[in-house]
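Counted the way UniProt numbering counts, the sequence shown spans residues 1 to 263.
To be clear, the hints were calculated from the coordinates, so they are not data collected in a lab.
There's no promise every hint is true.
[Claimed, not checked] For lysine-lysine, the following PhoX-like pairs were computed, each having C-alpha atoms within a straight-line distance of at most 25 Å:
| no. | residue 1 | residue 2 |
| --- | --- | --- |
| 1 | K22 | K46 |
| 2 | K34 | K22 |
| 3 | K34 | K46 |
| 4 | K22 | K217 |
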Amino acid sequence: MHDDLEGKHGVQSLEVGMSLLKAMVTGQQAMMLKDIAAAADMPASKAHRYLVSLIRSGLVEQDPLSSRYTLGPFALNLGLVALGRLDRVRLGLSAIADLRDAINETTALAVWGGQGPVIVRWERPRRPITVNVITGATLSLLASAAGRVFAAWLPPAQIEPLVQAELDSGKCRANVQTLDEARAVLAEVRARGLAAISGHYMVRGVEAMAAPVFNFKQDITLGLVVVGVEGSLDMREDGPTVTALREAAHALSLRLGYAPPAA
1 MHDDLEGKHG
11 VQSLEVGMSL
21 LKAMVTGQQA
31 MMLKDIAAAA
41 DMPASKAHRY
51 LVSLIRSGLV
61 EQDPLSSRYT
71 LGPFALNLGL
81 VALGRLDRVR
91 LGLSAIADLR
101 DAINETTALA
111 VWGGQGPVIV
121 RWERPRRPIT
131 VNVITGATLS
141 LLASAAGRVF
151 AAWLPPAQIE
161 PLVQAELDSG
171 KCRANVQTLD
181 EARAVLAEVR
191 ARGLAAISGH
201 YMVRGVEAMA
211 APVFNFKQDI
221 TLGLVVVGVE
231 GSLDMREDGP
241 TVTALREAAH
251 ALSLRLGYAP
261 PAA
């Protein structure tokens, strides 16, 4: 009977130990015993007993000099295995479908293709006039929202030669003439946290927004894109479309292991 109940209801002591681990993950740094106990809402003496067992398992380790506790090598291994099994594109496809449902606009998922971002999938909204998105083609770095997002967060040494080549081609419709002007545009994208283009998009009559998705290495790994007919897309900073795009990109980043920098 006892085993049957445990199978249905779980093991309470394991759940208590997990609450301590969650508190340490949320703290994002090595923590003192009293802080871990307070975050897990339990007496310090009880927390200490569980931490001893967690240290023995390799999930936690304690710095002998500072007495602070942090995640141990086995916890790090678990995290790396979990991250390795995540399919970022699969999660991204789910994210753009949910975003389309939330804002009823065309949404798309972009990945880096070496010379620029590439759209791998797009979702059609429920409205009579929509914008079709071409999949598989490399997008402009300056005249597309996805391009600006990747160019803003990828290393300058990797990006600037590609930006210069785009400027030299004379085919850029982004109203940017020099590398210094491009740097200023990308700095503005980073400051705002997303890219928005209206009037100088790579296709006439279309405007778009894109937000970066980061991975556990704090690197940009995907771009979430919203595309609409020029003049019809709500691009207000505090509007529901921009807000939903920001929230979707942030949620997906967290799902991929991104840890936002401390304020």
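Hint check results:
1. K22 - K46: Status holds; Cα separation ~16 Å.
2. K34 - K22: This hinted pair holds, its Cα atoms lying about 15 Å apart.
3. K34 - K46: Measuring from Cα to Cα gives roughly 11 Å; hence the hint holds.
4. K22 - K217: 20 Å, holds
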